[in-house]
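So you can see what is in the structure, the chains are spelled out below.
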Amino acid sequence: MLDKIFSMVEYLKAHEMVFWYNGPVSQVLVVEIGDIIKKSIDEDSDKKVINRIFSILVEQMQNIIKYSVQKKSGKEGEDVFVLSSGLIAVGIEGNDFSVISGNMICNEDKDRISQRLDLIISMDREAQKEYYKTMRRKEPDPQSKGAGLGFIEMARKASKPLEYLFTPVDESHSFFSLKALVSMES
Amino acid sequence: MNDLIINPTRFTPGIYFYFSKHTLEISGESYPENTSEFYTPIFERLRGYLAGITDQAVSVTLYLTYFNSSSSKILINLFDLLEESASESKNITVNWLYKEGDTDAREFGEEFAEDLEFLAFKLVCVES
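Chains S and Z supply the protein sequences, listed in that same order. For the first sequence, my numbering assigns the number 517 to the initial residue and increments by one for each residue that follows. For the second sequence, my numbering assigns the number 299 to the initial residue and increments by one for each residue that follows.
It is possible that some hints are incorrect.
As the list claims (entries may be wrong) - Below, in silico cross-link-like pairs of lysine-lysine (BS3-like), each with a Cα-Cα straight-line distance of 25 Å or less:
| # | chain 1 | residue 1 | chain 2 | residue 2 |
| --- | --- | --- | --- | --- |
| 1 | Z | Lys397 | S | Lys673 |
| 2 | S | Lys645 | Z | Lys397 |
| 3 | Z | Lys388 | Z | Lys319 |
| 4 | Z | Lys397 | S | Lys649 |
| 5 | Z | Lys420 | S | Lys673 |
| 6 | S | Lys564 | Z | Lys397 |
| 7 | S | Lys555 | Z | Lys397 |
| 8 | Z | Lys420 | S | Lys649 |
| 9 | Z | Lys397 | S | Lys563 |
| 10 | Z | Lys420 | S | Lys564 |
| 11 | S | Lys554 | Z | Lys397 |
| 12 | S | Lys645 | Z | Lys420 |
What the hints assert, rightly or not - Some but not every residue of chain S turned toward chain Z, in silico, with C-beta under 7 Å:
| # | residue |
| --- | --- |
| 13 | Gln543 |
| 14 | Leu545 |
| 15 | Val547 |
| 16 | Arg652 |
| 17 | Leu665 |
| 18 | Gly666 |
| 19 | Glu669 |
Treat the hints as calculated values from the structure; they're not laboratory data. For every residue, glycine included, the Cβ atom is placed at its ideal position computed from N, Cα and C.
If we strip away everything but chain S, and leave its shape as in the complex, we get (with noise of 0.2 Å):
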């Protein structure tokens, strides 16, 4: 392993990755990273690109706090899934800054958050507000823990559409990346 260290990091800046974060997810961790990130990126950046790339990385790690599942090796050796693991990257992609997530979800989840995303973006920047609006005015469905806001932010602070990929790991779980990419010019 300790012989993959070098060339992991050196993956990871030939991607013109900035940060990167794969762990357990708490609260007190999105306070550091956020004030991390706020450090780390140029100090030349436009403040608002900071601040857009900052409400997008709360808005994805609240996510994983939420609804990441996370599989590990039980005590019988049989897998067992604890909550709130998930990965946060943020790297450059020519003009733009990335904002990448990355968790384990429940298959039976997959299809409320795709279609929740496809609709997100499908529409152009004043249906997203009047979605957001709405969303906001709505009591939030049953399944979701939050607001049920946290996409439709994301999409709003992002310059271009939402990507995201669903990865299967097994019979029941998939890997969900998400990516928002934040113009370096606000």
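Given chain S's structure and the hints, the job is docking chain Z onto it.
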């Protein structure tokens, strides 16, 4: 009624409800993991206060440099509550403060204002 003062933390705003002076202020950042846990007791006090006032001029100041999406939902609930009092001819003014140049924060204020009818909602630019 006693004033309600709660100091800010790294992810919850300061609450400065001077009921005796009819000036209420929420300022700082708001992104707690559980927004209702933080705001429910505050709303309860506010409801009690609003029920007890008549025609006094009440000033409500919001100066939030960042809030997450579930706090946004809390804010609309807050404005609905104030709107209800305003519709009963209570004299309430909301001041939405945003930093000069922060167009995103200004837009948030504008979007809240669009959803309100009776409540006086002022956008106030704070020079940096």
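Status of each hint after checking the structure:
no.: 1; hint: Z:Lys397 <-> S:Lys673; result: holds (18 Å)
no.: 2; hint: S:Lys645 <-> Z:Lys397; result: holds (22 Å)
no.: 3; hint: Z:Lys388 <-> Z:Lys319; result: holds (15 Å)
no.: 4; hint: Z:Lys397 <-> S:Lys649; result: holds (23 Å)
no.: 5; hint: Z:Lys420 <-> S:Lys673; result: holds (24 Å)
no.: 6; hint: S:Lys564 <-> Z:Lys397; result: holds (11 Å)
no.: 7; hint: S:Lys555 <-> Z:Lys397; result: holds (20 Å)
no.: 8; hint: Z:Lys420 <-> S:Lys649; result: holds (19 Å)
no.: 9; hint: Z:Lys397 <-> S:Lys563; result: holds (11 Å)
no.: 10; hint: Z:Lys420 <-> S:Lys564; result: holds (22 Å)
no.: 11; hint: S:Lys554 <-> Z:Lys397; result: holds (18 Å)
no.: 12; hint: S:Lys645 <-> Z:Lys420; result: holds (21 Å)
no.: 13; hint: Gln543; result: holds (4 Å)
no.: 14; hint: Leu545; result: violated (11 Å)
no.: 15; hint: Val547; result: holds (5 Å)
no.: 16; hint: Arg652; result: holds (5 Å)
no.: 17; hint: Leu665; result: holds (4 Å)
no.: 18; hint: Gly666; result: holds (5 Å)
no.: 19; hint: Glu669; result: holds (4 Å)
Checked against the numbered hints given earlier, this structure breaks only hint 14.
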